[in-house]
Amino acid sequence: MQAPRFIKMHRLRWRLVAAFVGFLVVVVAVFSWAAYRAARDGAVAAASSRLEAVSGQLGALLQGNITSFMTNTADVANDPTLRAFVRAPSTATRASAETLLDSLSTSDNVRAIEVREPDGGVLLTRGRAVREGSALPALTFESDANGPRVSGFATYQEGLGFGVSLPIQAPGQEPYTLVYHVGLNTSPEAVARVSDLIGGHSALYLGVPGGLWTNLVREVPGPDPELAPPGPARWHVNADGERVLGAGAPMTGTPWVVRVEFPEADVLATPRSLATRLAWIGVLTLMVGALLAWVFSHRITRRLSNLSAVATAIASGDYRRRVVTRGDDEITELGLNFNAMADKIEGAHERLERQVASRTAKLEAANQELEAFSYSVSHDLRAPLRAIHGFSRAVAENHGDSLPDSAASDLQRVCAAAERMGMLIDDLLELSRLARSEMHRQRVDLSEIAASVVADLHDPASGRDVEVKIQPDLGAHADRRLVGHVLGNLIENAWKFTSKQAQSLIEVGWAPAHEAFFVRDDGAGFDPEYVHKLFQPFQRLHAANEFEGTGIGLALVSRIIHRHGGRVWAEGAEGVGATFYFTLPDDVS
Amino acid sequence: MTAQISGEGIILLVEDNPDDQELTRRALEENDIANEIVVAHDGAEALDYLFCKGRWADRDPDIQPQLVLLDLKLPKVDGLEVLQRIRADERTARLPVIVLTSSREEGDVAESYGSGANSYVRKPVDFSEFREAVRQVGLYWLLLNEPPPRLRRSP
Numbered sequence: 001m002q003a004p005r006f007i008k009m010h011r012l013r014w015r016l017v018a019a020f021v022g023f024l025v026v027v028v029a030v031f032s033w034a035a036y037r038a039a040r041d042g043a044v045a046a047a048s049s050r051l052e053a054v055s056g057q058l059g060a061l062l063q064g065n066i067t068s069f070m071t072n073t074a075d076v077a078n079d080p081t082l083r084a085f086v087r088a089p090s091t092a093t094r095a096s097a098e099t100l101l102d103s104l105s106t107s108d109n110v111r112a113i114e115v116r117e118p119d120g121g122v123l124l125t126r127g128r129a130v131r132e133g134s135a136l137p138a139l140t141f142e143s144d145a146n147g148p149r150v151s152g153f154a155t156y157q158e159g160l161g162f163g164v165s166l167p168i169q170a171p172g173q174e175p176y177t178l179v180y181h182v183g184l185n186t187s188p189e190a191v192a193r194v195s196d197l198i199g200g201h202s203a204l205y206l207g208v209p210g211g212l213w214t215n216l217v218r219e220v221p222g223p224d225p226e227l228a229p230p231g232p233a234r235w236h237v238n239a240d241g242e243r244v245l246g247a248g249a250p251m252t253g254t255p256w257v258v259r260v261e262f263p264e265a266d267v268l269a270t271p272r273s274l275a276t277r278l279a280w281i282g283v284l285t286l287m288v289g290a291l292l293a294w295v296f297s298h299r300i301t302r303r304l305s306n307l308s309a310v311a312t313a314i315a316s317g318d319y320r321r322r323v324v325t326r327g328d329d330e331i332t333e334l335g336l337n338f339n340a341m342a343d344k345i346e347g348a349h350e351r352l353e354r355q356v357a358s359r360t361a362k363l364e365a366a367n368q369e370l371e372a373f374s375y376s377v378s379h380d381l382r383a384p385l386r387a388i389h390g391f392s393r394a395v396a397e398n399h400g401d402s403l404p405d406s407a408a409s410d411l412q413r414v415c416a417a418a419e420r421m422g423m424l425i426d427d428l429l430e431l432s433r434l435a436r437s438e439m440h441r442q443r444v445d446l447s448e449i450a451a452s453v454v455a456d457l458h459d460p461a462s463g464r465d466v467e468v469k470i471q472p473d474l475g476a477h478a479d480r481r482l483v484g485h486v487l488g489n490l491i492e493n494a495w496k497f498t499s500k501q502a503q504s505l506i507e508v509g510w511a512p513a514h515e516a517f518f519v520r521d522d523g524a525g526f527d528p529e530y531v532h533k534l535f536q537p538f539q540r541l542h543a544a545n546e547f548e549g550t551g552i553g554l555a556l557v558s559r560i561i562h563r564h565g566g567r568v569w570a571e572g573a574e575g576v577g578a579t580f581y582f583t584l585p586d587d588v589s
Numbered sequence: 001m002t003a004q005i006s007g008e009g010i011i012l013l014v015e016d017n018p019d020d021q022e023l024t025r026r027a028l029e030e031n032d033i034a035n036e037i038v039v040a041h042d043g044a045e046a047l048d049y050l051f052c053k054g055r056w057a058d059r060d061p062d063i064q065p066q067l068v069l070l071d072l073k074l075p076k077v078d079g080l081e082v083l084q085r086i087r088a089d090e091r092t093a094r095l096p097v098i099v100l101t102s103s104r105e106e107g108d109v110a111e112s113y114g115s116g117a118n119s120y121v122r123k124p125v126d127f128s129e130f131r132e133a134v135r136q137v138g139l140y141w142l143l144l145n146e147p148p149p150r151l152r153r154s155p
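If you read the protein sequences in the order shown, they are chains R and L. Just so you know, we're using my numbering here: the first sequence kicks off at 1 and counts up by one. Just so you know, we're using my numbering here: the second sequence kicks off at 1 and counts up by one.
Treat the hints with care, as some may be off.
[Unchecked claim] Covered by chain R, according to a simulated footprint, are these stretches of chain L (three or more residues, beta-carbon under 8 Å): (1) 15 to 21; (2) 73 to 85; (3) 126 to 134.
It should be emphasised that the hints constitute simulated quantities derived from the structure, not laboratory data. From a predicted model like this one, the values you see are computed outputs, not experimental measurements. In this text, a Cβ means the ideal position worked out from N, Cα and C, and glycines have one as well.
If we strip away everything but chain R, and leave its shape as in the complex, we get (with noise of 0.2 Å):
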């Protein structure tokens, strides 16, 4: 198995800086929305009451103004002159009052003087107006007010103006009044306090819901009518498609409403700056943070990595490479007990090296005696059969004429029974010669090596019908040479073991049942009782005068299908057939 990599580690790594990051991220995002949201809250509070004293301060403002005149107007309605006017109008009186209202009317404010009858008929003006000879607005009060009253605005000659009206008080009689027209003062000093009092980009409204509209500079279009009635400050976007923030208050004692309205941009202003800095700050914080991060992951995974590649060290097979430990954390205790288990891994490894070395000697030496025996076997047992078979042939052939007949049978057996030995030992050597040799795997075609060996055994003279049946592409990775025996043995096996048959099928194929290879015959087949002996050397199921063999074929085939990792096994009955399943695995053990 091949030892992971580093890859894993540089994920790591990032994966910390990136979890740090987005921690960091999502703190300063949250930190920055919160305070954002105080500050804009904070600002549109501030805003709120700096309509409402500024309203009041405007209110204040012209409040005394009219005040002054209505204090002077409740005199002048009870003066003695106005009312024996209104009570006997005639050329005396009239000429009384009209010399008190132009006393009156010397003020630049006032622009004239009337007085009134109940029904609203003019019985007398007088005034710049009327020196001048300039038309005046009519004027509407709310009628049910007692006392003092104020009108909305009206356009006059010189510009806006307005009008307060009082009875005067007549005992017995419907009440007439006296109505003062003034203009309204917008001097650039007292637009200037005004202005300074609600800020250059606000616009200010006053008026009458329904009436004219003023900025005390001149006639404006009013409010939008839902808004112009007094009340809190709200959002809303204006005439001119600007966001603001607008209030409206009452001015006590007139039917006038001051309206302010802060454009968006002057009320955010503080918020929103504050919003950029800790845009700033929030950006700083994270590069800080990255760095802090990725300083702090480096450190622990270069640890972690090393620790990684003295793994990969020890795991490619160098066991003395040890982790390098530094100071008191997790990561160092790690090292620590890694080495600790690195020691162990050493040591046993180093016994098992030990272990290896003795016993591959002890088998070297185990080998090498085998082999010397089998040498010995070789060279020392044929020698003396060669003598007995050689002299017993002697005997035979030089004083055969001499001999009884049954001594002459007696040799003939001791020479046979000396060839049969000598088959025996060669088939000995071969069954161990084959166990030592090397073994060369490679692609072999099974279906080829069965076709030659058929081709091999083949005799037309023989006079026997056999079919033989190989199954085209049999393929395996193993030791030609060897699979060469293997198929050789079990179809000269299948071969003899139907020859006393006149016709006879033999069959090479794949068994997908058992995942095996197989060659089955038709022929004499075997008790399945001793089926355990078949693969037994020198073990024979049939008597050698049925069919011939040293019984160390199938040992040789169970040898070498071993030698590959494979099994093998038959199946068969007597009078029936045998099949031999193999199986040649392709991993080497």
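Could you slot chain L onto chain R? The hints should help.
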């Protein structure tokens, strides 16, 4: 049978087993090979004969066998070493040496040829086969084959 094979050359038979000596002798005889047979019972004796030492010190060193039949498994000095010494010495380097042995080990065959054997013949158990093998060896090496010039006996 074939014609009488010329009895000119000496056959050196290096063989420790007296049975095999006898069987080889008989096989040669039965094949009408009448050459003189010198038997060496071990490797050391074979070398003594070839290099005229020990028991063979008085031998004419100019006369070398026409054929050496060499067993591999021998007492004292084994067959392979004998072969190597034969090939190492200028006087005997071109001697035809036939390895005649019981072994069929691949290693033995390879080492024999590696050391300069001219042929490798395995002794069969069956005497008829053995006799045939000896006949063919004798026919080829003593009759058919032209020996190297230096080995020819001076007239």
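To see whether the hints hold, each was checked on the structure:
1. Only residues whose beta carbon comes within less than 8 Å of a beta carbon in chain R count, and the segment 15 to 21 of chain L has 3; three or more means the coverage holds.
2. Coverage of the segment 73 to 85 of chain L by chain R is violated. Counting CB-CB distances below 8 Å, 1 residues qualify, and the rule asks for three or more.
3. For the segment 126 to 134 of chain L, the assignment as covered by chain R holds, since 4 residues bring a beta-carbon within under 8 Å of that chain's beta-carbons and 3 suffice.
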